[in-house]
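Given the sequences, and given the hints that come with them, work out the whole structure.
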Amino acid sequence: MYYLPLFQAKNLIRYRANIRIQAVLASFLFVFSSNSFSSELSDMLKRISEADQNQNYQGIFILRKSDKLSTLRVTHAMDEKNVWETLEALDGESRKILRLNNSVISIFPERELVTIRHTNEKQSLHPQLPENIDKLEMLYTINRLDDGRIANHPTLVVNLSPKDQFRYGYRYWVDRDTGMLLRCDLVADDEQVIEQMMFTSLDYLDDAPKKTFDIQQFAQFEQEDLDEPELDVSKTIQQEWTVNKPPKGFMLTQSTMRYSQLSDAQGDRRNNPDLLHMVYSDGLASVSVFVEKNKGTNQHLQGRSSMGAVNAFGSAKNDFFVTAVGEVPIKTVQSMAQSTVKLR
Amino acid sequence: MSKSTSKRDERISAFLDNEMHCDELVSFSLSAEASDASTAQRYLMVGDALRGEMGDASFIDVSSAVRGALADENIAEHNIAEHKGTLRSEVKSDQPGLMAGLFGGVSWFRPAAGMAMAALVAVVMVAALSQQKTEVLAPVADNTDVVPATLEVASDNKAKRLEPRVDQRLVSQHLEFATQDALQGRLPYVRAVSYEADK
Chain G
1 MYYLPLFQAK NLIRYRANIR IQAVLASFLF VFSSNSFSSE LSDMLKRISE
51 ADQNQNYQGI FILRKSDKLS TLRVTHAMDE KNVWETLEAL DGESRKILRL
101 NNSVISIFPE RELVTIRHTN EKQSLHPQLP ENIDKLEMLY TINRLDDGRI
151 ANHPTLVVNL SPKDQFRYGY RYWVDRDTGM LLRCDLVADD EQVIEQMMFT
201 SLDYLDDAPK KTFDIQQFAQ FEQEDLDEPE LDVSKTIQQE WTVNKPPKGF
251 MLTQSTMRYS QLSDAQGDRR NNPDLLHMVY SDGLASVSVF VEKNKGTNQH
301 LQGRSSMGAV NAFGSAKNDF FVTAVGEVPI KTVQSMAQST VKLR
Chain X
345 MSKSTSKRDE RISAFLDNEM HCDELVSFSL SAEASDASTA QRYLMVGDAL
395 RGEMGDASFI DVSSAVRGAL ADENIAEHNI AEHKGTLRSE VKSDQPGLMA
445 GLFGGVSWFR PAAGMAMAAL VAVVMVAALS QQKTEVLAPV ADNTDVVPAT
495 LEVASDNKAK RLEPRVDQRL VSQHLEFATQ DALQGRLPYV RAVSYEADK
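If you read the protein sequences in the order shown, they are chains G and X. Note that this note's numbering gives residue 273 to position 273 of the first sequence, counting from 1, and the numbers run on in steps of one. In this note's numbering, each residue's number is its place in the second sequence (first place is 1) plus 344.
Honestly, the hints are just simulated from the structure, not real lab data. Some hints could be false.
Quick list of simulated restraints, FRET-style, between CB atoms [said to hold, decoys possible]: (1) G:K68 x X:E354: 36 to 42 Å; (2) X:E354 x G:V341: 55 to 61 Å; (3) X:E354 x G:Q217: 58 to 64 Å; (4) G:N159 x X:Q512: 31 to 37 Å; (5) G:E110 x X:E354: 42 to 48 Å; (6) X:E354 x G:N159: 19 to 25 Å; (7) X:Q512 x G:M251: 43 to 49 Å; (8) G:A208 x X:Q512: 33 to 39 Å; (9) G:L90 x X:Q512: 22 to 28 Å.
All residues carry an ideal CB built from backbone N, CA and C; glycine is no exception.
Next up, the structure:
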């Protein structure tokens, strides 16, 4: 019986994957047999994050924002050296987005334009777990809905319903076998889905697919560099502004100085960063609060603006202007912009 | 309905439908009458009723607005005449300007022009109100200091609210940096690249 070890060696990766899947399933079973969700939910979300990182796959998904629908083809792969992913728009203006480790290259063939952005190491291809994830149960009612099926994959369905009107609800469809997030809905308080990502086809691959893109063929296109100078985002700046009364559960997670104009950031004579960017998060939703010099009435958003699930509210504070932006209801960004105060 | 009235009504209709040639606009504005406002309001109400879009703005009494505008105009004219009458007549007689040259400096011109302008303002007001009520106004929380940035009038004369736009750079920075602190699967990344492409 020599073939068994050989067979096992050949399928070692698959075996490990199965172990991982069993662990995912075990955690799910534990999650939904327990009355307390906090740590188990954290584990589930962690599994979602890991599943996306550890899989090679190809698929097509839709992205719906309000009444706008986009279809994208995704190829995701990881090998010994790199993690890469391509997104290709299948409707509207043709565009292809390549993400190779921390570089994001967007190609717009019709415009003969290539944009390049490099992100820092913290911003990996895969989202990081928020620090205050264990407090989600205080802010959302979490329950399991009937199992579903997305892109022919059986799924567990988890509903996170907000306990107040300062955040949207979330509905996750998680691949029962791999833990991958196959569908995510953002739900308003009237149960209307305001944003949705959903796979319509998905194939897991045993091996990383071959790279089918060749950036060189777009070398003659206009290239736009979207990079900004390195900013130490881990260093907390001396806090001069704060949101006096953030909605329950929103904690300050980032405070960074940025540039209000890209030209200021890229020019030969770099000015000092002039835009304070504070990020408040409840673990699922996040709100950016920007503070900059007031440039005049027509230079800023006065009041509210909506772009699908993203809402914004601008409010003048004497010589400064505060703009709050986030995937939260309008009342949340309004409340946060209006309660932003200068400490000294 | 007389032939001239019918023709006048057609011109008002053309004005409301944004089908009036720019050359015609000048003569139309100079010949605007107070009754034009009520005609315009009537047309808009009929149009709204047919489309099932009757709103509060349909019932605003434009006629009274016109009367008010004319009254204001007369009062202003009267006051100007009282305080500056002598000076004005001297200026006119000594240095006939372009307007005086065009209209021969006759004394009836200013009140007539005032009435015409007030009537035109009323017509425009009716048109603006009819456009405004077609906008879908989302509920606004209390104490909102909302100032819409601009209004865009579409080519088909249906005005729609151009959503006040937040600085795209702020949205980009939010999508790129802030959502890393939240866990929504690949949604934040896709949202960010999608926004970048849509800009």
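Taking the hints in turn, this is what the structure says about them:
| no. | hint | verdict |
| --- | --- | --- |
| 1 | G:K68 x X:E354: 36 to 42 Å | 40 Å, holds |
| 2 | X:E354 x G:V341: 55 to 61 Å | 59 Å, holds |
| 3 | X:E354 x G:Q217: 58 to 64 Å | 60 Å, holds |
| 4 | G:N159 x X:Q512: 31 to 37 Å | 33 Å, holds |
| 5 | G:E110 x X:E354: 42 to 48 Å | 45 Å, holds |
| 6 | X:E354 x G:N159: 19 to 25 Å | 59 Å, violated |
| 7 | X:Q512 x G:M251: 43 to 49 Å | 27 Å, violated |
| 8 | G:A208 x X:Q512: 33 to 39 Å | 35 Å, holds |
| 9 | G:L90 x X:Q512: 22 to 28 Å | 25 Å, holds |
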